[in-house]
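**Student:** These are the residues of each chain, in order.
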Amino acid sequence: MPFEQIPMPLPEKPKEKSLEENNKENIIEVTQGVGGRKRSSEEIEKYKRIREEITKEKEIRERLERGELISQEEAAFLREKEMLRRSKEEKEAVTESEKKEEKEAVTESEKKEEKEEKKEKEIRERLERGELISQEEAAFLREKEMLRRSKEEKREEEEPKAEAKEEEKTNEKILAEKREIFAKSEIEKKEILEMIKKAKAEKLVNEIKLEDWETINNLKEKKNLSPGEEKALKEVIERKMALIKYLELKDPNSKNRGEEVYEKVVEHKKIKEEYLKSLAKYRADLYEKTLQEIEKLGLSEKEADKLMRQRMEEIIKTTVVSEANNLYELRTKIKLEAKKDASFLEKAWKAAGKSAEWYRKLPLKYKLAMSAGLFAGGIGAGAIGGVAGLSLATGVIGGRWFQRIFGGAATVVAVEGFMKHFQEKRLEKKTIKNFADKLSEKIKNNDKELDKKLFELIGKKKKQKITRYIVAGTAGVVVGTGLLGKVINWGSEKIGIGKSIREAVEKIGISKPKISPDLTKVLSMPDYEPPLGEEMSAYEPSVAPGEEMPAYEAVKGGPQIAQKGDSVWKIIGRQLEERYDEKFARLDEARKTYIIDALKDKVAANPEKFDLTDIDKIKAGKSYDFLPSSKMEIDRIFEEAGNLKRNQLESILENNEKIENWLKAHPGEKLTTGKIDEILYGKKLPLTEGFIYEAPSGEGFLEEEVNEEKLAREEFAEEKLSGQEIAEDEFPGEEVPTETVETMPEEKKWSLETEKQIEEAMKYNEMTHIKTIGFTEGEYEAIKNFKIGRLLELIPSREEAWNNCSLDEFLKIKKEIPHDGFYGTREFYKHIKLAELIRSYHPGNWVKEMTVKEFLQRFGPKEIL
Amino acid sequence: MNKKLNTSNIITELGLSDLPRTTQLKLLTQMTESVLKRITVEVLEKLSEEDRKEFEKIQEKGDTEAMDKFLKEKIANYEEIVEGIVADFKEEMKKTIASLKSKNI
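Protein sequences appear in the order of chains L and Y. With my numbering applied, the first sequence covers 1 to 865. With my numbering applied, the second sequence covers 866 to 970.
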């Protein structure tokens with residue numbers, strides 16, 4: 001048994017609580033939105049108002065239905081609500097019509113493009129056959145060629161912008177902030193910093209610790225210091241005085257300014273450290289992004305490691321030079337701010353920006369030509385003027401000037417780099433084409449019943465698009481063949497880096513429901529059956545009051561008769577295609593995969609509800625309907641898919657690729673959900689059915705401009721569903737059905753807490769962590785008995801670990817840390833993730849003697865301790 | 866001002882020659898933009914309010930030759946100033962890189 005159980009003591013049964021105590025615990029303040037975002041008091045008020053109105057409207061309509069009379073005021077209220085609803089519908093209809101027009105315009109443009117491509121192809125074929133072409137046709141070819149080049153150049157310029165990944169934004173933004181603080185501090189403290197350098201006092205400054213200033217402030221006024229505090233204060237003061245006295249000795253200007261100098265030095269030291277730390281974090285992001293890209297190349301462990309190290313060297317150099325350049329630019333701005341009046345500052349900085357923009361917008365060849373010093377002329381006046389265009393060709397902008405900066409480097413870099421770049425692009429295109437062809441073959445060979453839809457889809461597209469479609473979305477294979485099982489739930493595992501598993505799990509939408517602590521314990525028991533299906537329909541209105549069920553739902557995407565070879569996956573895919581048509585068809589393959597898998601998980605969580613005993617066993621000829629009755633629920637999943645981040649999408653595609661590779665190696669073998677678990681995680685997951693997809697989306701949901709009423713309704717329904725009571729003072733007016741707030745009976749709760757269940761929970765935790773980190777069985781076997789204390793000593797914080805990786809420190813780690821064969825950056829990265837994960841639980845020193853395995857079993861989504 | 870610096874290769878000087886060409890290009894572009902900004906700011910600072918307005922007019926016409934002529938006329942040692950900025954840029958870059966690599970303040 002690779003993941004054997006270790007004996008664990010049973011948790012103590014808590015004392016029985018009075019009804020009053022239980023009720024008190026069950027009242028939870030609703031101060032968070034669906035995505036967990038803290039609500040402002042204004043937002044709470046707003047939602048409260050909306051809910052009151054919903055309740056009021058419902059009551060009035062019920063009274064009307066019962067034939068009761070309503071007041072004039074109530075009638076006016078209903079009219080107002082009706083008008084608002086119609087106005088909203090009209091707006092939506094307008095938007096839909098705009099969308100339709102836009103779509104038609106795109107189709108027209110595509111048709112035109114296709115026609116022109118055909119024409120071009122014909123002319124070129126004739127040219128190749130040695131036939132003559134007309135002047136008009138020659139002009140047409142020239143125009144097409146120019147357009148192509150222009151597009152290529154534009155893309156080249158835009159590429160760096162597109163490279164800024166969403167997940168890097170935070171650290172990149174933090175870095176920009178810290179950089180600015182640092183640059184300002186440097187200028188403000190210029191005199192002091194120069195004083196330090198002139199006196200060669202760096203060594204004494206380095207000895208000062210960042211916490212020294214705080215220690216002095218905290219302890220200098222304190223009476224009755226402990227011996228430890230006394231010692232600490234003495235050392236801090238000694239360090240401080242050593243610097244002050246030394247400076248006084250070396251620089252008379254520092255006399256009587258000891259305190260000021262010391263304070264500024266410590267402050268700047270702290271600022272610099274924070275800045276460098278943020279740079280290290282940003283760099284760690286780049287390392288991880290690079291490692292993920294290298295992973296896709298399918299290189300051997302050693303080759304991948306070699307390439308990674310090379311890339312890391314490049315990243316170090318690039319980030320340092322970029323940072324130095326960014327600081328230079330910031331200094332220009334800060335100095336400008338300090339010197340002149342606001343009006344000049346604005347004008348000058350605008351002009352400076354114009355100069356840079358002008359340069360940036362130059363077509364690549366002009367940029368390169370200029371850099372290479374091919375034009376003779378003035379000394380940059382054109383640049384300052386911000387004039388773009390062909391006037392460059394007159395040589396107004398001096399190659400001479402550029403030569404002065406770059407001293408000939410530009411010539412080499414420009415010309416060779418330019419050529420190489422385009423050669424690479426061509427090669428890349430060729431490779432993609434070959435790969436796509438092979439992939440098509442694989443699809444055919446591996447599954448004879450490949451979904452016709454996939455080929456229909458391909459058939460409709462242009463040749464280039466087919467290639468891109470297949471290559472970019474190997475998920476197409478999955479959608480077409482119904483191969484993918486538990487991909488998505490753990491496809492987003494990368495977001496768990498440096499965060500607790502719980503956070504990671506919540507982000508991908510399978511968090512535990514928001515409930516009272518007691519109920520959490522019960523729900524976390526492995527055999528607890530969550531009331532997902534029936535309860536959902538009981539509490540969540542599938543259509544909001546006053547809103548009519550769209551007619552198409554009744555006829556489109558309804559129950560499907562299963563065909564031979566069908567799967568839950570395929571049937572859901574068909575239902576979605578029918579029901580949502582373009583809305584679904586337009587999505588990229590990763591998003592399609594996400595949606596189908598989320599819906600498939602709902603089936604897996606409660607197969608009996610869908611007339612199944614095993615989700616891998618579909619009876620041909622039988623009718624199945626796997627879509628939830630709630631439109632809102634499906635809409636939410638679509639919304640979540642829309643909010644997926646790039647790394648999540650990449651993960652989905654990566655997993656698809658793993659499955660595809662397995663299929664290639666096992667032609668004709670049946671692919672079940674359990675098999676997919678094995679392919680992706682090395683083992684069949686013991687608690688696969690326990691992963692409950694929970695509809696609420698991540699942070700993105702509330703950030704977007706959504707209909708507030710809809711949101712309030714959704715939350716209202718969701719809170720009921722999760723069994724969470726709404727605090728009376730928050731939403732007076734709402735009545736929550738008794739059964740939703742009751743916790744499970746004590747008797748039942750404790751009957752579930754058997755040793756076996758704890759064992760299952762521990763396995764669940766362990767497997768969850770293994771999957772999140774991405775350990776292979778061998779890697780986990782190697783590390784599982786290593787002590788936590790030593791692991792955390794060897795692997796410092798994520799940024800430190802990465803930034804030390806290229807140094808001797810890495811060799812030291814490699815020597816000591818148990819690993820699976822060759823120890824490269826790939827496995828090192830997993831150890832970084834492991835250490836970050838452990839730290840994210842903020843464990844005390846008592847865990848130091850635990851092994852990795854013991855820790856991973858005890859901490860996790862299922863509470864053991 | 867160190868004129869010798871201006872004839873040397875910044876890519877080699879900053880130890881970037883082993884980077885991929887595309888990365889070198891990106892860095893060259895970034896550095897050029899920053900230098901252009903500094904030159905613009907410093908040149909404008911040297912003009913009187915009246916000359917700045919005049920310069921703006923020429924700038925709007927997009928006549929680069931006229932701009933070049935104007936700046937050379939109005940700013941004594943214009944070329945040397947620009948060259949000085951470029952030289953200072955190189956020095957500053959080297960110092961900052963050294964500082965970023967060290968723990969010193």
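Simulated from the structure, these hints should not be mistaken for lab results. Quick caveat: nothing in here was measured; it's all calculated off a predicted structure. Errors might be hidden in some of the hints.
[As the list claims (entries may be wrong)] Restricting the straight-line Cα-Cα distance to at most 27 Å, the calculated cross-link-like pairs of lysine-lysine (DSS-like) are:
{"#": "1", "chain 1": "L", "residue 1": "LYS333", "chain 2": "Y", "residue 2": "LYS922"}
{"#": "2", "chain 1": "L", "residue 1": "LYS56", "chain 2": "L", "residue 2": "LYS88"}
{"#": "3", "chain 1": "L", "residue 1": "LYS197", "chain 2": "L", "residue 2": "LYS317"}
{"#": "4", "chain 1": "Y", "residue 1": "LYS959", "chain 2": "L", "residue 2": "LYS184"}
{"#": "5", "chain 1": "Y", "residue 1": "LYS911", "chain 2": "L", "residue 2": "LYS335"}
{"#": "6", "chain 1": "Y", "residue 1": "LYS960", "chain 2": "L", "residue 2": "LYS209"}
{"#": "7", "chain 1": "L", "residue 1": "LYS306", "chain 2": "L", "residue 2": "LYS812"}
{"#": "8", "chain 1": "Y", "residue 1": "LYS939", "chain 2": "L", "residue 2": "LYS335"}
{"#": "9", "chain 1": "L", "residue 1": "LYS354", "chain 2": "Y", "residue 2": "LYS968"}
{"#": "10", "chain 1": "L", "residue 1": "LYS814", "chain 2": "Y", "residue 2": "LYS968"}
{"#": "11", "chain 1": "Y", "residue 1": "LYS968", "chain 2": "L", "residue 2": "LYS234"}
{"#": "12", "chain 1": "L", "residue 1": "LYS333", "chain 2": "Y", "residue 2": "LYS911"}
**Student:** Go through the numbered hints given earlier and state which of them the structure violates, listing their numbers in rising order.
**Tutor:** 9
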